[in-house]
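These protein sequence lines map, in sequence, to chains A and B.
Heads up: the first sequence runs through residues 1 to 259, numbered per the working numbering.
Heads up: the second sequence runs through residues 1 to 387, numbered per the working numbering.
None of these hints come from the bench; they were simulated from the model.
No experiment lies behind these values; they were computed from the predicted model shown.
There's no promise every hint is true.
Pairs of lysine to any residue, SDA-like flavour, derived with a Cα cap of 20 angstroms [what the hints assert, rightly or not]: (1) A:Lys203 <-> A:Glu68; (2) A:Lys122 <-> B:Gly167; (3) A:Lys122 <-> B:Thr168; (4) A:Lys60 <-> B:Gly167; (5) B:Lys249 <-> B:Val348; (6) B:Lys170 <-> A:Gly91; (7) A:Lys172 <-> A:Lys219; (8) A:Lys148 <-> A:Leu21; (9) A:Lys122 <-> B:Arg164; (10) B:Lys313 <-> B:Asn259; (11) A:Lys233 <-> A:Tyr188; (12) B:Lys170 <-> A:Arg123; (13) A:Lys60 <-> A:Cys226; (14) A:Lys100 <-> B:Lys170; (15) B:Lys170 <-> A:Glu119; (16) B:Lys170 <-> A:Gln95; (17) A:Lys122 <-> B:Lys170; (18) A:Lys171 <-> A:Gly158; (19) A:Lys100 <-> B:Arg164.
Read off the chains here:
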Amino acid sequence: MKPVMLLDRFYNKYIVKGILLAETPIHIGSSGESLDPVQVDNSVIKDSNGKPYIPGSSLKGVLRSYLETLLSSGIDERFKACLIVNDPCLGNKEQLDEIKNIQESVKANHDADRIIAEEIYKRLCTVCRIFGNPYFASKLTVNDCHLKGDAHLSIRDGVGIDRDTGTAADKKKYDFEQVDAGARFEFYMSVDNLEPEHEDILKLILKVLESGQLRVGGKTSVGLGCIRLTETKVYKIEQHNLRSYLMQGLKEEMRWQYV
Amino acid sequence: MKVRLNFISPFVVGGIKLVSNYIESIDYIPGNVIRAALARYILNNCHYYDPDEVVTIDGIQKKNWVYFKDKPRCSDCKLQTLCQKLGDIRISFFYPKDTMVIPSTLMMCKMDPHHGFVDRLIQQPRCAKCEGGRGRVEFVSGLLKDGKKYNVVKSFVTRTAINRYTGTAKDGSLYSLLAVSATLQDQNTGYEENVFEGQILGLTPQELSIIDELRIGKYTSVGLGRCNVTVMDEKMDTPDVSKVIQSLKEFDAQYKRNNGINDDGCRYFAIKFISDAKLDFGFADVNEYMSTDQYKAVWLKALGINLDVQVEKVYAEVFNFRGYDTSKVGEDKREQPVHMVEKGSVIVFKTHLAFDKVIDYFGSLEGFGQDTDNGFGKFDYHFGGVC
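Bound-form chain B, shown alone:
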């Protein structure tokens, strides 16, 4: 079901420290952040919550773990179903209302952003709208809305800790948060809203509607991240397979034309990640430079695709990510580091298979890489341009 989060206070999610005392929120909400917020909501309302209780999950000791305790008062608990299902529900990434992820193959005019986009896969990298049609272009990333580059509105909050002995600001404790405060801001009327949308599967609207207010992200105990949760219309878009095949064929033709390929025996298609993906590239064993073909093979292996396709091109931003698991017992709460492929990354595949076979296979995939239950690794076909 489609779910809308209507924020009533700014939020900080995945705050990355740009410098030591400046923490900026990302402009989207990964599914694991929503799941953590739901877990906290359940624990806060649980009759049997014991902050010191330790449970062992997959051999790891954890605290603050949500599981159905099946005790006398559990049968009357309003959150009984949510509690039972929390481990099984699937949560997508949440994005600002009416936005989409910019594919990393898109380029924008350097001189005038209103000149629109050029897709590197199917067009030459120059702005046709500039004088003489040779305007310089550059890659863009982030989000799109109404065919234009989109940015959320962020606001500064500066805070400090107080030295308990002197009552003054504690040394080295001043920090600033750059929190997401609005997704829409009307300069004329002053109207603002901060609305994010995504999907939660495995719950009914009634089960979710029990939640009156969630607190999402960091610094929630001091007022950030408050939001109302509403379930949207149940209607989900089911893609028309014939239309998808037609679009794939058009992309194939355009791609071949743009890249001077005259081979009717092979077909090209592209996917784009519409969320970040945690892929295991197995780089631990690598101790030498790789050729392009070896590198493409590494990508194919990391994606885990079991189909007769080859990786042709990769337009991706990959960064090393090491999060924290605050439910872990013990000093070291760090998680294993992963390679995170950023949302918007595009991979072009080459195949001899017919597109219906491709659609059958890719349609059966939940996503690529780890943690797909929390929305990581979700993808869509990329047909070129703003689509």
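So here's chain A without its partners, still in its complex pose:
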């Protein structure tokens, strides 16, 4: 049996860089509420410079959820997906007891941590192996996507419609802030120790991002949040070029041949 790629040593690293282009306006709401009566009801999240950005957590969440949907539908029988919220991997007592029993049986072994980690890894679905779960850290990381250049922010009004009268419902008027279409955000994603058979998943992620099918933020069902990855550059770092990457950074010869 070939060894699984855990996180204790370096096997490989994929780095994806590019520009996320907002094809439609984006609204990723901030949690802060203002007492200012002229302030917008729902403002967009902004960084310390007051510029809007797309949090890495939003993107990673959308990507994971999209992959779960695809893989659960059985498009590729090599890959499986759990439902991370409702029915996660290692989410039931029997599975955890099984792990505990293994833990008990190998506790005298000096390599116990590795053995248990392998047992945990074997019981994870493809998505959990890449995106992580409470028992195994994520191999994939997405940085916050900061604005490149400038963006136009606008305030859009909305109103609820009274179903009986077909007119504006009382006290249902609201407004929200949005980053207008055309805004460009710097994209950086990396995946560590990706197993060779999971390269197809990474390709799938890239295709999804480049096709503009993903939507981030709020109000996606009413036209907002459509993003497309452009100017994509994918690098693959392996043991033979790791030193060069660490000392000199990314180079053209490290580009992954897939793209």
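Position chain B against the provided structure of chain A, taking the given hints into account.
For chain B alone, kept in the frame of chain A given last:
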């Protein structure tokens, strides 16, 4: 010389595990902890430091041992004198600025801590300020500041180790530190300081001022225990012997009055430990219950007092302590267990000698028990009450 440690990060010293994953710092710094910090500072700056070097000290093999190597670059080394003197300097315990140790004879009102203290040696154990003057009191320990019980400010730091295979929290590795983060906290202005003071003897201010920043206590490699060292005014208080004798006489009179003793031929005086003391009680040979008189004799022997005095009363907290000597080579780095008499413990002596003879003898003592060079076993006269 008086030395001030101005902490710029919280510290954990002598962390005692209250439960398996909860480590609380003590609120004072023993001298051996300061010495270890100085040793580490010297080694970190030593041109010839070899972590694998083993030296034999008193027949025991040690690593990371500071000694003057007298090699070519040693003559230019700024820490040359500190390195040469480290084994000879005497370091006291360090306490929060402007605090003193509470004598274990002090009792406090159970109902209202603002009612002040009662000293069991010279007063009846009841709070005179409570209605009817019969308020219940209880023993207290710790530190005093401005005549009131004092506590340092501690802060929680929770940490875990990471399982290198899964990248998640390692099983059973979550722990919390309760670190000392401030000695003074002003609620109105938000001003905080974390300042400890003590004494280092055998070094000049110039020799100590070379140190820009020390790291004291545990977890120093992850940011805890950083402090600046400053030398305070050189003036040391020299006690006025006549005043001390007068205070001893007053205590003697009060003690006799409180305990109904009418014997002009004998005198009573008390000392209090202002630091922990490592005493050898020789309990290894004990295999039966002892009478009070036998027990008092054990105390006198453990103190090693060579003067015509008797132990009259002991108010002490003694715990078994077994530390680690991380400089030891080999698996077992534990030190021999010792009986540690806690700071604040009070011992009342009875003697027929005049007080000037007592002062002459006790004044010649560096301290009681082992490890007095690191401030253990230091004592002061106790005149009753908050003094």
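For each hint, the structure was consulted:
For the hint pairing Lys203 (chain A) with Glu68 (chain A), the CA-to-CA distance comes to about 15 angstroms; that is within 20 angstroms, so the pair holds. Straight-line distance between C-alpha atoms of Lys122 (chain A) and Gly167 (chain B) comes to about 15 angstroms, which keeps the hinted pair within the 20 angstroms bound. For the hint linking Lys122 (chain A) to Thr168 (chain B), the alpha-carbon distance of about 16 angstroms falls within 20 angstroms, and the restraint holds. The straight-line distance between the Cα atoms of Lys60 (chain A) and Gly167 (chain B) is roughly 18 angstroms, inside the 20 angstroms bound, and the hint therefore holds.
Pair hint Lys249 (chain B) plus Val348 (chain B) holds up; C-alpha atoms about 14 angstroms apart against a cutoff of 20 angstroms. For the hint pairing Lys170 (chain B) with Gly91 (chain A), the CA-to-CA distance comes to about 18 angstroms; that is within 20 angstroms, so the pair holds. A C-alpha spacing of about 16 angstroms is found between Lys172 (chain A) and Lys219 (chain A), which places the hinted pair at or below 20 angstroms, so the restraint holds. This hinted pair checks out: Lys148 (chain A) and Leu21 (chain A) have alpha carbons roughly 10 angstroms apart, not beyond 20 angstroms.
Between the alpha carbons of Lys122 (chain A) and Arg164 (chain B) the distance comes to roughly 17 angstroms, so the proposed pair stays at or under 20 angstroms and holds. Note on Lys313 (chain B) and Asn259 (chain B): the hinted pairing holds, with a Cα-Cα distance of about 12 angstroms set against a maximum of 20 angstroms. A threshold of 20 angstroms between alpha carbons decides the hint, and for Lys233 (chain A) with Tyr188 (chain A) the separation of about 10 angstroms falls inside it, so the pair holds. With a C-alpha separation of about 18 angstroms, the suggested pairing of Lys170 (chain B) with Arg123 (chain A) holds against the 20 angstroms cut-off.
Among the hinted pairs, Lys60 (chain A) with Cys226 (chain A) is consistent with the structure: their alpha-carbon atoms are about 15 angstroms apart, no more than 20 angstroms. Of the supplied pair hints, the one linking Lys100 (chain A) and Lys170 (chain B) holds, its CA atoms being roughly 14 angstroms apart against a limit of 20 angstroms. About 15 angstroms separates the Cα atoms of Lys170 (chain B) and Glu119 (chain A), which keeps this hinted pair within 20 angstroms; it holds. With a CA separation close to 19 angstroms, the supplied pair Lys170 (chain B) and Gln95 (chain A) stays within the 20 angstroms bound.
About 18 angstroms separates the Cα atoms of Lys122 (chain A) and Lys170 (chain B), which keeps this hinted pair within 20 angstroms; it holds. Restraint check for Lys171 (chain A) and Gly158 (chain A): the C-alpha separation of about 11 angstroms stays at or below 20 angstroms, so the hint holds. Of the supplied pair hints, the one linking Lys100 (chain A) and Arg164 (chain B) holds, its CA atoms being roughly 19 angstroms apart against a limit of 20 angstroms.
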